[in-house]
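Engineer: Go by the hints and put chain B onto chain A.
Chain by chain, the residues:
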Amino acid sequence: MASQEVLREETSRSSFFNDPKVRSLFFQTLVVIVLFGSVWWIVQNVIDNLQRLHIASGFGFLNGRAGFDISDTPIAYTSDSTYGRAIVVGLINTIIVAAAGVITATIIGFVIGIGRLSQNWLIQKICTVYVEIFRNIPPLLVIFFWYSGVLAVLPAPRDSYHLPLGSFLNQRGFYFPRAVWGEGSWLIFVALIVGIAMAWFVARKARQRQMATGQQFPVLWTSVALIVGLPLLAYVLSGFPLSFDLPKQSTFNLTGGFQVKPEFLSLYLALSCYTAAFIAEIVRAGIRGVSKGQTEAAAALGLRSGSILRLVVVPQAMRIVIPPLTSQYLNLTKNSSLAIAIGYPDLTATAGTVLNQTGQAVEGVLIMMIAYLILSLVTSAVMNVVNARMALVER
Amino acid sequence: MKHIAIGILGAATLGLMASAASATTLDTVKAKGFIQCGVSTGLAGFSAPDDKGDWQGIDADFCRAVAAAVFGDGTKVKFTPLSAKERFTALQSGEVDILSRNTTWTINRDTALGLNFVGTTYYDGQGFMINAKKLPGVNSALQLSGAAVCVQSGTTTELNLADYFKANKMEYSPVVFEKLEEVNAAYNAGRCDVYTTDQSGLYGIRLTLDSPADHVVLPEIISKEPLGPAVRQGDDQWYHIVKWTYFALLDAEELGITKANVDEMKNSASPEIKRVLGQEADTKIGTDLGVSNDWVVNIVKAVGNYGEMFDRNVGSGSPLKIARGINALWTKGGLQYAPPIR
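Heads up: the sequence lines are chains A and B, in that order.
Residue 229 in my numbering sits at position 238 of the first sequence; the count goes up by one each step and never skips.
Residue 53 in my numbering sits at position 22 of the second sequence; the count goes up by one each step and never skips.
In short, the hints are calculated from the structure, not lab data.
Check before you lean on any hint, since a few could be wrong.
Distance condition first, Cα-Cα at most 20 Å in a straight line; then the derived SDA-like pairs of lysine to any residue [said to hold, decoys possible]:
(1) Lys200(B) / Ala67(A)
(2) Lys200(B) / Asp71(A)
(3) Lys196(A) / Trp212(A)
(4) Lys197(B) / Ser176(B)
Just chain A, same shape as in the assembly (with noise of 0.2 Å):
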């Protein structure tokens, strides 16, 4: 009897410390406790060695007048404004590029995708050797090749290549009539708007018309004379506010008009080569993720191949493209940092000259850690939200 009582209480306790709830409670507050241990141990000595080492801390250092200047500034800036508006104006250039790459990469990347599944040979193989050439050289390699072996090639400002419209092409960017908007040009955009708006009532009456009746309607025609139509009418009755300012050239450079820099030019064209190679594989792969059998079927409904491609293969093909797609627009955002290495003043290389000339490392790199996470947070948000738009509804 006495032992049987022993022999129960002991399976009890021990069972207590098996119990697998207990021990992964256990186990998680231990790892929890290691790891705010390390970090705040990690904090604490930079803080002891900063002091130690009379090296200011803080971030008192952005309310400081900056001193230098930055070559594109998206929005105003001079060498007056502070140390955090650098920051900024480094943090718009990056969002600047890393949007119109986006762009780019992705129509190349679809082009050249749907080239590569194409019937055609020529088109298939030229598609096909872009897609090997940019995804195997190193994208620093594409910026150097755009900007050294392509745009410093170009003539100096005085032998400018004439382009149409009064634009200019030469080794310090490209220069192209800038539109000054006069007395009265506000109408223009109101009618821009109206258009745009009238276009997808238009659209969305003519769709569900065809779903009642079957009847189709002319969208495209009707869309793109609103959307032109409206803003060159109101253009014609608010009396020609428009005037445009002309590149021209001065001592040293062309003047006036507007500018796209080269340095800008190669990073962005250099990114969007780069990233639509990765984007054409993976509409391929979501091509061909599709099922023969879709392709088959909408032939027999009587479809042609470009409403087969646009109605049932490329719907089906976008829930498999979407989440790789993410990360691919998360790749460009941050290579867009090797700007450094042409002097594009994105939020590196702004950052870095801050962190240089206040000498606060910690801060600085801190910094930019947290834009580029914010950044690439707010991408994947917005890709997730088409994501969740586009996966299949289950019933």
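Structural biologist: Relative to chain A, chain B alone:
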């Protein structure tokens, strides 16, 4: 990208460096057997690798002089090429022991950055260089309004440039690169009209261009650029060793001690020369500093005196042919002046 790597490395080092185990720089240097010296990525006359890969120039020789003082051997130096952006983090995080990299001494760097400049090894000023063949008629910096200006980022040059154009109500478009070679390549390719950096640097860079004769340095000097070596704050002993190495180079020149005559000079009749060279009976000058008593002999044997160092690297004995000017000794009308070794 490298400066980010160094930034993160610096941040990581600052994080992981155990604050208790802070041995003096002299002890660490002696334990590893060489001095880690931060230099430029290649600026003729100051620090640039020659065709054999050995670093040449005033800044490189200065590190050799410190190595000679510490080890009695001027070759015990390892060089770390640093861009303008990387240099301070590299010194702060302990990656290099001395920053001898044509770096301008400013109050901000002495205080907020936690550095100690030891002196001015070269008095310089910022200037402008243009391609006179492409821009005939431009002979003053005040005619540069509207120009594209190539400049290295993270330098005092970048700040002076902004100030100068603003003060003279001129406009310019900056073309900014992180590395000196990138700025050189951009200027050479015609991406910008004007190159601005320290005047000594402009003369050195001009030699590396495709057709040096086409380029002229404009007469204006728009800033004071006292260039000198720097060390970390918080280690007075190391600071004194580096500072007095610089003074020893100057005192040696002033006393006429050269690489060729240093052994004869040991037996000189002058008590001052004997004292400087550690030949005084029971001298403690060197050991008090933390080095051997014949440290000045070792320095001069390794690199010569300041004048020899200057002539060999940037002066008459070099392709740069820069005149001593304000870098002459105070006895010859220049600014180089050292406290006495006694």
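Engineer: Which constraints among the numbered hints does this structure fail? Numbers only, ascending.
Structural biologist: none
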